[in-house]
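Work the whole structure out from these sequences, hints included.
The lines below spell out each chain.
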Amino acid sequence: MRIVVTVKYVPDATGDRHFADDLTVDRDDVDGLLSELDEYAVEQALQISENSDDDVEITVLTVGPEDAKDALRKALSMGADKAIHVEDDDLNGTDALGTSLVLAKAVEKAGYDLVISGMASTDGTMGVVPALLAERLGVPQVTLLSEVWVEDGTVTGRRDGDAASEQLEASLPAVMSVTDQSGEARYPSFKGIMAAKKKPVESWDLSDLDIEADQVGLEGAWTKVDSAAERPARTAGTIVKDEGEGGKQLAAFLAERKFV
Amino acid sequence: MSTLDILSDDEQFMVRTVQDFVDKEVKPVVQELEHSNSYPEALIEQMKRLGIYGLAVPEEYGGTPVSTPCYVLITEELARGWMSLAGAMGGHTVVAKLLLHFGTEEQKRRWLPRMATGEIRATMALTEPGGGSDLQAIRTVARKDTDGYVVNGVKTWITNSRRSQLIALLCKTDPAASPAHQGISILLVGHGPGLTVSRDLPKLGYKGVESCELSFDDFRAPAEALLGGVEGKGFAQMMKGLETGRLQVAARALGVGRAALEDALAYAQERESFGKPIWKHQSIGNYLADMATSLTAARQLTLYAAREAEAGRRVDMEAGMAKLFASETAMQIALNAVRVHGGYGYSTEFDVERYFRDAPLMIVGEGTNEIQRNVIASQLVKRGGLEA
Numbered sequence: 245m246r247i248v249v250t251v252k253y254v255p256d257a258t259g260d261r262h263f264a265d266d267l268t269v270d271r272d273d274v275d276g277l278l279s280e281l282d283e284y285a286v287e288q289a290l291q292i293s294e295n296s297d298d299d300v301e302i303t304v305l306t307v308g309p310e311d312a313k314d315a316l317r318k319a320l321s322m323g324a325d326k327a328i329h330v331e332d333d334d335l336n337g338t339d340a341l342g343t344s345l346v347l348a349k350a351v352e353k354a355g356y357d358l359v360i361s362g363m364a365s366t367d368g369t370m371g372v373v374p375a376l377l378a379e380r381l382g383v384p385q386v387t388l389l390s391e392v393w394v395e396d397g398t399v400t401g402r403r404d405g406d407a408a409s410e411q412l413e414a415s416l417p418a419v420m421s422v423t424d425q426s427g428e429a430r431y432p433s434f435k436g437i438m439a440a441k442k443k444p445v446e447s448w449d450l451s452d453l454d455i456e457a458d459q460v461g462l463e464g465a466w467t468k469v470d471s472a473a474e475r476p477a478r479t480a481g482t483i484v485k486d487e488g489e490g491g492k493q494l495a496a497f498l499a500e501r502k503f504v
Numbered sequence: 489m490s491t492l493d494i495l496s497d498d499e500q501f502m503v504r505t506v507q508d509f510v511d512k513e514v515k516p517v518v519q520e521l522e523h524s525n526s527y528p529e530a531l532i533e534q535m536k537r538l539g540i541y542g543l544a545v546p547e548e549y550g551g552t553p554v555s556t557p558c559y560v561l562i563t564e565e566l567a568r569g570w571m572s573l574a575g576a577m578g579g580h581t582v583v584a585k586l587l588l589h590f591g592t593e594e595q596k597r598r599w600l601p602r603m604a605t606g607e608i609r610a611t612m613a614l615t616e617p618g619g620g621s622d623l624q625a626i627r628t629v630a631r632k633d634t635d636g637y638v639v640n641g642v643k644t645w646i647t648n649s650r651r652s653q654l655i656a657l658l659c660k661t662d663p664a665a666s667p668a669h670q671g672i673s674i675l676l677v678g679h680g681p682g683l684t685v686s687r688d689l690p691k692l693g694y695k696g697v698e699s700c701e702l703s704f705d706d707f708r709a710p711a712e713a714l715l716g717g718v719e720g721k722g723f724a725q726m727m728k729g730l731e732t733g734r735l736q737v738a739a740r741a742l743g744v745g746r747a748a749l750e751d752a753l754a755y756a757q758e759r760e761s762f763g764k765p766i767w768k769h770q771s772i773g774n775y776l777a778d779m780a781t782s783l784t785a786a787r788q789l790t791l792y793a794a795r796e797a798e799a800g801r802r803v804d805m806e807a808g809m810a811k812l813f814a815s816e817t818a819m820q821i822a823l824n825a826v827r828v829h830g831g832y833g834y835s836t837e838f839d840v841e842r843y844f845r846d847a848p849l850m851i852v853g854e855g856t857n858e859i860q861r862n863v864i865a866s867q868l869v870k871r872g873g874l875e876a
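These protein sequence lines are chains X and Y, in that order. Take 245 as the starting number for the first sequence in this note's numbering and just add one per residue. Take 489 as the starting number for the second sequence in this note's numbering and just add one per residue.
It is worth saying that the hints were derived from the structure and are not from the lab. Take the hints with a grain of salt, since some may be wrong.
Derived CB-CB ranges, DEER-like [said to hold, decoys possible]:
{"hint": "1", "chain 1": "Y", "residue 1": "Thr605", "chain 2": "X", "residue 2": "Ala499", "range": "48 to 56 Å"}
{"hint": "2", "chain 1": "Y", "residue 1": "Asp778", "chain 2": "X", "residue 2": "Asp275", "range": "41 to 49 Å"}
{"hint": "3", "chain 1": "X", "residue 1": "Arg475", "chain 2": "Y", "residue 2": "Gly773", "range": "36 to 44 Å"}
{"hint": "4", "chain 1": "X", "residue 1": "Glu301", "chain 2": "Y", "residue 2": "Thr605", "range": "24 to 32 Å"}
{"hint": "5", "chain 1": "Y", "residue 1": "Gly763", "chain 2": "X", "residue 2": "Gln411", "range": "54 to 62 Å"}
{"hint": "6", "chain 1": "X", "residue 1": "Val445", "chain 2": "Y", "residue 2": "Phe762", "range": "51 to 59 Å"}
{"hint": "7", "chain 1": "X", "residue 1": "Gln411", "chain 2": "Y", "residue 2": "Gly773", "range": "21 to 29 Å"}
{"hint": "8", "chain 1": "Y", "residue 1": "Glu529", "chain 2": "X", "residue 2": "Glu446", "range": "38 to 46 Å"}
{"hint": "9", "chain 1": "Y", "residue 1": "Thr592", "chain 2": "X", "residue 2": "Val445", "range": "16 to 24 Å"}
{"hint": "10", "chain 1": "Y", "residue 1": "Pro516", "chain 2": "X", "residue 2": "Glu446", "range": "33 to 41 Å"}
{"hint": "11", "chain 1": "Y", "residue 1": "Thr781", "chain 2": "X", "residue 2": "Leu267", "range": "55 to 63 Å"}
{"hint": "12", "chain 1": "Y", "residue 1": "Thr592", "chain 2": "X", "residue 2": "Lys441", "range": "47 to 55 Å"}
{"hint": "13", "chain 1": "Y", "residue 1": "Val517", "chain 2": "X", "residue 2": "Gln425", "range": "17 to 25 Å"}
In this text, all values refer to a predicted model and were calculated from it rather than measured experimentally. Note that the Cβ used here is the ideal one computed from N, Cα and C, for glycine as well.
Here it is, written out as structure tokens:
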């Protein structure tokens, strides 16, 4: 079975993030890393491989700048078999729709039975790419799974919602995404780190994928960022003083914010 | 420049991985484990999977060997989370080094592959109730007979006693030898009849990991248990092993010092008095400046000794200096971190009181600092002073 895991190299969420003049993320002043939510996808791929009697080959795929190789390297250190890096200057500013096009072309070129994605990136947090990718590939999508099994050409999983849990099933080939409840991602072992540098990393550009420059990048984007502003500083919280009505006030507060 | 720049890309990645592990897995649970003196089973299992126990084992025996500076920085990271975790791998590494440098091929094949995974964990047994640092005066005797050795004696302060399947036991195979060190050997033994864990030592800090007394009473070890297969080499072998041990203890001190500095630095920015964060009061700012300066000096001294060891040079003096300076520095930083925290520094709800209890171990352990000074002084005389 061939599994392709899509991963994203994101700015460290604990770092001081800024936008560049063209309102894309300024990556110069902040460290990047493999999106934590994608680590869950890599973990599930590794578990599927470990629990399978058949040979499973795990390819990690990223679309991103030169430094995105760090994200691939971490995934390879965790245990993936090989990596594909799609890198092209014309990709700067690509939106979710454009990204799904590049991923779809790359996944098709690589060959796949199952694509696994994280539930969202930790920077854009849109969470739409897995669904877009499945549409482009014309295969079933089973998204936001918290538990996953792959058996006899079928992927089965549980999606937990606010009111109910759904059991989903799709025949392969398919696209699935997994949540941060799917199981803690492993740390790269020292052996894995040493082995990673011997694993193949392919580099593709847009011409390798028969994509024209105007289909992607800021020019080709379907969405446009008009403005960006810093989040306002946190304000003081509400203090509820219990004078007999504390419980009611607490409940009202929670209800108002839709926690209960 | 980052301290990690001296390492290869792969080794930097390893240190960062341990840093990540410490922040996410160790820091959130350490206070509870420490206060209840619980063995950190889950954390040790994760350390096995990371490859912590194979850091001194060559690839051909299944390990992932790293440079000495990398080993120091990984140890520092573990100790930054909890000094006891670094203690749970220190002796193991020294025994791996002993096997690597002095073991017969058969001994290496027997022990190293399972040590690399942590399936077998190793500890050293040197200290005796009658004396610690004066190793030539040990009284544990291994008498040779037709079937091997019969061991009698008592060892103390043995880390991980029950959880180690391999004990590198320093003993006298020829109690009458003169000079005494020529009668000393190392036996590689495991638990069995005649060996009892006779006591658990109560401790100020270094919780979660047991330190015990071992009693050998007509304990039998086969002839093949003799490290290297030749008697009388044990003292020199152990002196070499302890060079690694001292670097490891220096690294533990760096970790405790760094944790104390990090906590103090964060607290001094959060806590306000007289209308400003307390770090802006010069008395507090000066503490932070001195803590960071001495920690940086201790770290560079330790990394210097580590680089010398990596180059294959004798480093008893350098490792001794690192251990002496780093441990005294950690103690000072831990005390100052308590001061910066004020009353909260004395509270067991904060971590700084633990640093204050853990730091002294590195002063008295692995050869007291008084012994380190003796070693440094005698090496200075022997080598004609410091090299230019």
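Does the Cβ-Cβ separation between Gly763/Y and Gln411/X fall within 54 to 62 Å?
-> 59 Å Cβ-Cβ, so the 54 to 62 Å window holds.
Return holds or violated for the Cβ distance of Glu529/Y and Glu446/X against the range 38 to 46 Å.
-> holds (42 Å)
Could you check the hint for me, namely that Val445/X and Phe762/Y are 51 to 59 Å apart, CB to CB?
-> Since the Cβ atoms of Val445/X and Phe762/Y sit about 56 Å apart, the hinted range of 51 to 59 Å holds.
Beta-carbon spacing of Gln411/X to Gly773/Y - inside the hinted bounds 21 to 29 Å or not | violated (60 Å)
Range hint 36 to 44 Å (beta carbons of Arg475/X and Gly773/Y) holds or violated | violated (30 Å)
Does the hinted range 48 to 56 Å hold for Thr605/Y and Ala499/X at CB?
-> Cβ of Thr605/Y to Cβ of Ala499/X: about 53 Å, so the range 48 to 56 Å holds.
Is 47 to 55 Å a correct range for the gap between the Cβ atoms of Thr592/Y and Lys441/X?
-> violated (33 Å)
Please test the hint of 41 to 49 Å on the beta carbon pair from Asp778/Y and Asp275/X.
-> violated (29 Å)
Between Glu301/X and Thr605/Y, does the beta-carbon spacing fit 24 to 32 Å?
-> Hint holds: Cβ distance 26 Å, inside 24 to 32 Å.
Okay, Val517/Y versus Gln425/X on CB: inside 17 to 25 Å?
-> holds (20 Å)
Please test the hint of 33 to 41 Å on the beta carbon pair from Pro516/Y and Glu446/X.
-> holds (39 Å)
16 to 24 Å as the expected CB spacing between Val445/X and Thr592/Y, which holds or is violated | violated (42 Å)
This entry does not satisfy hints 2, 3, 7, 9, 11 and 12, going by the numbered hints stated previously.
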